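2 protein chains.
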Amino acid sequence: MKQLRVKPGDKVRLSEIDPAATPGFKGDKAEGKALAAKLNDELEALQELLYAEHKHKVLVVLQGMDTSGKDGAIRSVFDGVNPQGVRVASFKKPTPIELEHDYLWRIHQQTPAAGEIVIFNRSHYEDVLIVRVHELVPREVWSRRYEHIAAFERTLAEEGATILKFFLHIDREEQKQRLEQRLADPAKHWKFNPLDLKERARWNEYQAAYEEAISKTSTDAAPWYIVPANKKWYRDLAILETLVAALRDLQMKPPAATFDPSTIKID
Amino acid sequence: MKQLRVKPGDKVRLSEIDPAATPGFKGDKAEGKALAAKLNDELEALQELLYAEHKHKVLVVLQGMDTSGKDGAIRSVFDGVNPQGVRVASFKKPTPIELEHDYLWRIHQQTPAAGEIVIFNRSHYEDVLIVRVHELVPREVWSRRYEHIAAFERTLAEEGATILKFFLHIDREEQKQRLEQRLADPAKHWKFNPLDLKERARWNEYQAAYEEAISKTSTDAAPWYIVPANKKWYRDLAILETLVAALRDLQMKPPAATFDPSTIKID
Numbered sequence: 023m024k025q026l027r028v029k030p031g032d033k034v035r036l037s038e039i040d041p042a043a044t045p046g047f048k049g050d051k052a053e054g055k056a057l058a059a060k061l062n063d064e065l066e067a068l069q070e071l072l073y074a075e076h077k078h079k080v081l082v083v084l085q086g087m088d089t090s091g092k093d094g095a096i097r098s099v100f101d102g103v104n105p106q107g108v109r110v111a112s113f114k115k116p117t118p119i120e121l122e123h124d125y126l127w128r129i130h131q132q133t134p135a136a137g138e139i140v141i142f143n144r145s146h147y148e149d150v151l152i153v154r155v156h157e158l159v160p161r162e163v164w165s166r167r168y169e170h171i172a173a174f175e176r177t178l179a180e181e182g183a184t185i186l187k188f189f190l191h192i193d194r195e196e197q198k199q200r201l202e203q204r205l206a207d208p209a210k211h212w213k214f215n216p217l218d219l220k221e222r223a224r225w226n227e228y229q230a231a232y233e234e235a236i237s238k239t240s241t242d243a244a245p246w247y248i249v250p251a252n253k254k255w256y257r258d259l260a261i262l263e264t265l266v267a268a269l270r271d272l273q274m275k276p277p278a279a280t281f282d283p284s285t286i287k288i289d
Numbered sequence: 023m024k025q026l027r028v029k030p031g032d033k034v035r036l037s038e039i040d041p042a043a044t045p046g047f048k049g050d051k052a053e054g055k056a057l058a059a060k061l062n063d064e065l066e067a068l069q070e071l072l073y074a075e076h077k078h079k080v081l082v083v084l085q086g087m088d089t090s091g092k093d094g095a096i097r098s099v100f101d102g103v104n105p106q107g108v109r110v111a112s113f114k115k116p117t118p119i120e121l122e123h124d125y126l127w128r129i130h131q132q133t134p135a136a137g138e139i140v141i142f143n144r145s146h147y148e149d150v151l152i153v154r155v156h157e158l159v160p161r162e163v164w165s166r167r168y169e170h171i172a173a174f175e176r177t178l179a180e181e182g183a184t185i186l187k188f189f190l191h192i193d194r195e196e197q198k199q200r201l202e203q204r205l206a207d208p209a210k211h212w213k214f215n216p217l218d219l220k221e222r223a224r225w226n227e228y229q230a231a232y233e234e235a236i237s238k239t240s241t242d243a244a245p246w247y248i249v250p251a252n253k254k255w256y257r258d259l260a261i262l263e264t265l266v267a268a269l270r271d272l273q274m275k276p277p278a279a280t281f282d283p284s285t286i287k288i289d
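Here the protein sequences line up with chains G and C, keeping their order. Mapping of the first sequence onto the numbering used here: residues 23 to 289, in sequence order. Mapping of the second sequence onto the numbering used here: residues 23 to 289, in sequence order.
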């Protein structure tokens, strides 16, 4: 599934990527779920090692249109993983205090510590997405931010963070169906906000904003992965496979004892 | 398992409580695990509701001697629960900045927000436990803290928090066996700190400090539960049952729509 990765300098065109495809995987849903379950077990073991080593930091950024499955992916991918050492940071509308600072201020506070995996449910990318689409700041302000973001992420990476950024790619028709499902189920009404339809009406502007953001900030230090997400099982599988592969690459080992076990006597 | 609850004003004597007992449960290990699995499913559903309602706050405090199973309980009890909405705060040795503030300052920052479950792995109780045993502050300072703590927890409770405090009760022999197991397994050496043996040597002082802390701070607003924890399966079951019962008592419902679903049309 390495083909999901956006190479530095690539110009992304979302309309050319099929959101219902399953690139790099030939099996069906049942086979996909079986593989995901195995990868989830491996993720559990690797996360325990990450926590034990207390050396690497892991940042997973999830972005996507409403209903693209950010919440669902968090639930499935990290199912069973030890909540100690895994943390979710959700970035909603900034508070008045947050707005008095630069837009990376609140983000930096939530970045992972040694041994920790942090999942960003939305992120600093909103500052070149919703902020751009709604012109919350002038173009000259948001257009400078791609470089800030790349520099910020490079700092994090060079100081020990592994950064993986996932764009969950669905199409407008899939969003319609998912919104209708929420509307049809009273138990899901709390997830439905009529204002979201105003965002939906600006679908094309958001897609353009995503294309520019992804194209300008996919770096070796902090790559973007475009995950076809109409099929939920493939979405979860692709994130799991990418994350597990990145953790394997860290070649972690249980830390050796800092003492001589043979000298220890327990009364 | 309501008998685990320490009634306000009760004088706790830990030596009179069997850490290998399974009060309130007559089944064996396999039956205990089966019941725990069911309660875990119910916890998942209740946590989702808590998150949806965005009204109540839940604080779970875990305390106990080294190896009493705080980490293990977090892993088992919250297995499969959505990491979004559940957070673990671990309190280790205070940093220099934290020490420049009162001891509740760092604690308050980590208390749950609406819709959130927060698990304290150790807590402000260390300020009347390790601080007392090692005389890190004079007796006149720590002895005032029981009242501060009760008042602080009362504030949290009256502002919407459900507080459950668990003391994981093991005996000295059980700790010996668990430490020896860690020592025998190189993959677990990172969990072993020879300095922990110095704490172990002060077992009786810690038990006395726990007895006073629990006796003085078990209130209706924030009760203590003494959980016999030599048997890991019973420890998990007792925490699950107590937590699930408390969440049931909140009588949560999915929030009603703030809009009229019949008027919504999705293009």
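To be clear, the hints were calculated from the coordinates, so they are not data collected in a lab. From a predicted model like this one, the values you see are computed outputs, not experimental measurements. Glycine included, C-beta positions come from ideal geometry on N, C-alpha and C. Honestly, I wouldn't trust all of these hints.
[Unchecked claim] The following label-pair restraints were derived from C-beta to C-beta distances:
| hint | chain 1 | residue 1 | chain 2 | residue 2 | range |
| --- | --- | --- | --- | --- | --- |
| 1 | C | E122 | G | R35 | 49 to 57 Å |
| 2 | C | I152 | G | T177 | 31 to 39 Å |
| 3 | C | T285 | G | L36 | 39 to 47 Å |
| 4 | G | R35 | C | P283 | 31 to 39 Å |
| 5 | G | N226 | C | T285 | 23 to 31 Å |
[As the list claims (entries may be wrong)] Residues of chain G clear of chain C, computed beta-carbon distances all greater than 10 Å:
| hint | residue |
| --- | --- |
| 6 | R35 |
| 7 | G46 |
| 8 | K48 |
| 9 | G49 |
| 10 | E75 |
| 11 | D93 |
| 12 | W164 |
| 13 | R166 |
| 14 | E202 |
| 15 | T241 |
| 16 | D289 |
[As the list claims (entries may be wrong)] Straight-line alpha carbon distances no greater than 27 Å define the calculated DSSO-like cross-link-like pairs of lysine-lysine that follow:
| hint | chain 1 | residue 1 | chain 2 | residue 2 |
| --- | --- | --- | --- | --- |
| 17 | C | K213 | G | K287 |
| 18 | C | K210 | G | K60 |
| 19 | G | K77 | C | K51 |
| 20 | G | K210 | C | K287 |
| 21 | C | K210 | G | K275 |
| 22 | C | K51 | C | K287 |
| 23 | G | K55 | C | K60 |
Structure-based check of all given hints:
The hint said 49 to 57 Å for the Cβ distance between E122 of chain C and R35 of chain G, and at roughly 54 Å that hint holds. The given range of 31 to 39 Å is respected by I152 of chain C and T177 of chain G, whose C-beta atoms sit roughly 36 Å from each other. About 31 Å separates the C-beta atoms of T285 of chain C and L36 of chain G, a value inconsistent with the hinted range of 39 to 47 Å. Between R35 of chain G and P283 of chain C the beta carbons are some 36 Å apart, a value that agrees with the proposed interval 31 to 39 Å.
A hinted range of 23 to 31 Å for the beta carbons of N226 of chain G and T285 of chain C is consistent with their spacing of about 25 Å. For R35 of chain G, the shortest C-beta to C-beta distance to chain C comes to about 24 Å, beyond the 10 Å cut-off, and the non-interface label holds. With a least CB separation of 26 Å from chain C, G46 of chain G remains clear of the 10 Å interface cut-off, as annotated. No beta-carbon of chain C is positioned within 10 Å of the beta-carbon of K48 of chain G; the least distance is around 29 Å.
Every Cβ of chain C is farther than 10 Å from the Cβ of G49 of chain G; the closest lies at roughly 25 Å, confirming the non-interface assignment. Its beta-carbon lying about 8 Å from the closest one in chain C, E75 of chain G breaks the requirement of being farther than 10 Å from that chain. Listed as a non-interface residue, D93 of chain G fails to keep its Cβ farther than 10 Å from every Cβ of chain C; the least gap is roughly 6 Å. Even its closest Cβ contact with chain C, about 27 Å, leaves W164 of chain G beyond 10 Å, as expected for a residue assigned away from the interface.
Distance check for R166 of chain G against chain C: the nearest CB is about 32 Å away, which clears 10 Å, and the non-interface claim stands. Non-interface status of E202 of chain G relative to chain C is broken: a Cβ of that chain comes within 10 Å, the nearest being about 6 Å off. Against the 10 Å criterion, T241 of chain G stays outside the reach of chain C, whose nearest CB is about 27 Å from its own CB. Not every CB of chain C is more than 10 Å from the CB of D289 of chain G (nearest about 7 Å), against its label as outside the interface.
The hinted pair formed by K213 of chain C and K287 of chain G meets the criterion: a straight-line CA distance of about 16 Å does not exceed 27 Å. Distance restraint check for K210 of chain C and K60 of chain G: the Cα-Cα separation of roughly 24 Å lies within the 27 Å cut-off, and the hinted pair is therefore satisfied. Taking the CA atoms of K77 of chain G and K51 of chain C, the gap is near 37 Å; set against the 27 Å cutoff, the hint is violated. This hinted pair checks out: K210 of chain G and K287 of chain C have alpha carbons roughly 17 Å apart, not beyond 27 Å.
A threshold of 27 Å between alpha carbons decides the hint, and for K210 of chain C with K275 of chain G the separation of about 11 Å falls inside it, so the pair holds. Note on K51 of chain C and K287 of chain C: the hinted pairing is violated, with a Cα-Cα distance of about 54 Å set against a maximum of 27 Å. As the CA atoms of K55 of chain G and K60 of chain C are separated by approximately 23 Å, the hinted pair is consistent with the 27 Å bound.
In this structure, the earlier hints numbered 3, 10, 11, 14, 16, 19 and 22 are contradicted, and the remaining ones agree with it.
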